Amino acid sequence: DPPPFLGSWRRVYGAVLLYLAALIGLLYLFTQTYR
Amino acid sequence: MRTLDWIVLLSSLISIVLYGLYRSRGSGTVERYLLAGRTMPWYAMGLSIMATQASAITFISTTGQSYTDGMRFVQAYFGLPIAMVVVCATVVPAFRHAGVYTAYEYLERRFDAKTRALASLIFLAQRGISAGLTIYAPAIVLSVILGWPERLTTTLMGATVIVYTVLGGIKAVTWSDVQQMGVIMLGLVAALVTAFTLMPHSVSIGDAVYLAGAAGRLNAVTTNFDWNDRFNLWSGLIGSTFLFLSYFGCDQSQVQRYLTGKSVSESRLGLLFNAVAKIPMQFFILFIGTMVFVFYLFNSPPLLFQRAEMARIQTSPEYPALEQTYQRAIERRRDAALDLARAHRQSAADPALAAEYRAAEREVDLARTRAAALVERMGGEKGFSDTNYIFLSFVIRYLPQGLVGLVIAVIFAATMSASSGEINSLATVTVVDLYRRHFRPNASDHHHLLAARWATLFWGVYAVAFAGWGKRLGSLIVAVNVVGSLFYGSLLGCFVIAFALKKVRGTATFIGMIAGEAAIFWTFFHGGISYLWFNVIGCAVVVGTALLVTALWPERENQRV
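Chains as they are written, first to last, in my numbering: chain W, 10 to 44; chain G, -6 to 554.
In case anyone wonders, no lab produced these hints; they're calculated from the structure. What you are looking at is a predicted structure, and each value in this text was computed from that prediction instead of being measured. Here a beta-carbon is modelled for each residue, glycine too, at the ideal position from N, C-alpha and C. Among the hints, a few may not be true.
[Claimed, not checked] Derived list of chain G stretches under chain W, where covered just means 3 residues or more per stretch with a C-beta under 8 Å from a C-beta of chain W:
#1 8 to 22
#2 69 to 75
#3 193 to 207
#4 253 to 266
[To be verified] Estimated spans, in silico, between C-beta atoms of each pair:
#5 20/W - 18/G: 36 to 44 Å
#6 492/G - 20/W: 18 to 26 Å
#7 28/W - 341/G: 46 to 54 Å
#8 106/G - 19/W: 44 to 52 Å
#9 19/W - 91/G: 41 to 49 Å
#10 41/W - 363/G: 48 to 56 Å
#11 194/G - 19/W: 50 to 58 Å
#12 15/W - 152/G: 30 to 38 Å
#13 41/W - 390/G: 45 to 53 Å
#14 19/W - 18/G: 57 to 65 Å
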């Protein structure tokens, strides 16, 4: 079954992991800004 | 609880049950009753996965945790997207291709009947404990805060869940989960907005966030490594990846959610929706707790939020001096917070003001710690903490009429969505992996459908009875909850072998699982490390032992998957 976007499941998984990295980065910045 | 609150609470509960039953029409075969005929769309699965994972304690405890300890608990979810990707790439297509009803059915095809039976029994033991606690834990809190008898609350929640779970099967469970997630999000947004609106007019949202940060409550990412520290970036990324691999790959209460999907694609999208939405949702819940903390900077919080224990220490001769010290610290902290907020608005950062604010905050914490120690000395609970009472105390005392009912509906909805998933999956494993496999393999589909309904009723009544009996466990209840999480590592090791080590057979895996379980229990009693690492240790011991046994005594078996 192909995914409905991004063309392949491998790309979808890559996008999810990139999203996680970006989220952790944002939360780290948030922590540093307000400590 | 006033009239409008009761109307909101009861109408929420009734509409959830009726909607679940309405959407569950046509559940007249075992496959439809237990797997919705594999017709579920991704968004229903995704919301159901999130609702099953979030129990009432998630909301009660998480908000209290960020009030006292800040937001670092959010790190415990960093491994979830990684686990979702691994599960989507390996477990989902394997289970779907094999056409199984349960995760443990797959183990018999890959290994043998004894490995399937052991994994099923481990699941029943662990989820059985958890199902009772899911209902019992919020009942204790509601009984202290609202004065409701625990038995009334557990029976009301349990009976509601039993009605729609027995009658409607997994379709009713999934669609009521969708609605329950709606109630949960609505209630949480209402609580956050109220916390903001009740703050002094001179304190803006920016000031509130700044004050929470200055008190160390916005510590969302902590990079120091410490085995004993439950939540940091490393235990979050490594430990929680293993925890969520176990939970979503080996725990039937979650596996059953995504086995109902129309296709592999739909199942994957449901899980990836959870991967994307879960961390922001937990961040949001924790953020509510920090805003309740800021709210209490300007509104005197009680020395202890647990009223029964507060009444206990008020009889002590030490209490008047302690209360006086606490009130002085609260006033000092309020003045320092107002000064700091004013300086922040004028962009005039003053380290001396921030130091004064933090010193006052430490004084408040010290008084609360002394009060907790006094509770213990006066015969109260060992390791007493009022974390679970903070958020609901705030709700009951400060939220307007109607919104209190909505937040209590959130507690009920979260309890019911977690509990219905557990009861439904316990019944599925009981019927598919034990009854149909070992006792009545040749009976008709209708016979097994009836067996599934009776098993659902049995586990529902069991959960309510366990919750009623939970009172006798007292403070052991927390320990039992931890024990419930001790079984995942060996199940995960078993599935890692099933998917990744094709040469290892049933007997070696069976021995590995027993060794893994022994290692986890030894670590629990002697290791003193964070529970997030238990799954890593258990999984490693299972795989290592099975490989060793295979090397020493190679087996010959047919591998059928």
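Hint numbers contradicted by this structure: 1, 7, 8, 9, 10, 12, 13 and 14
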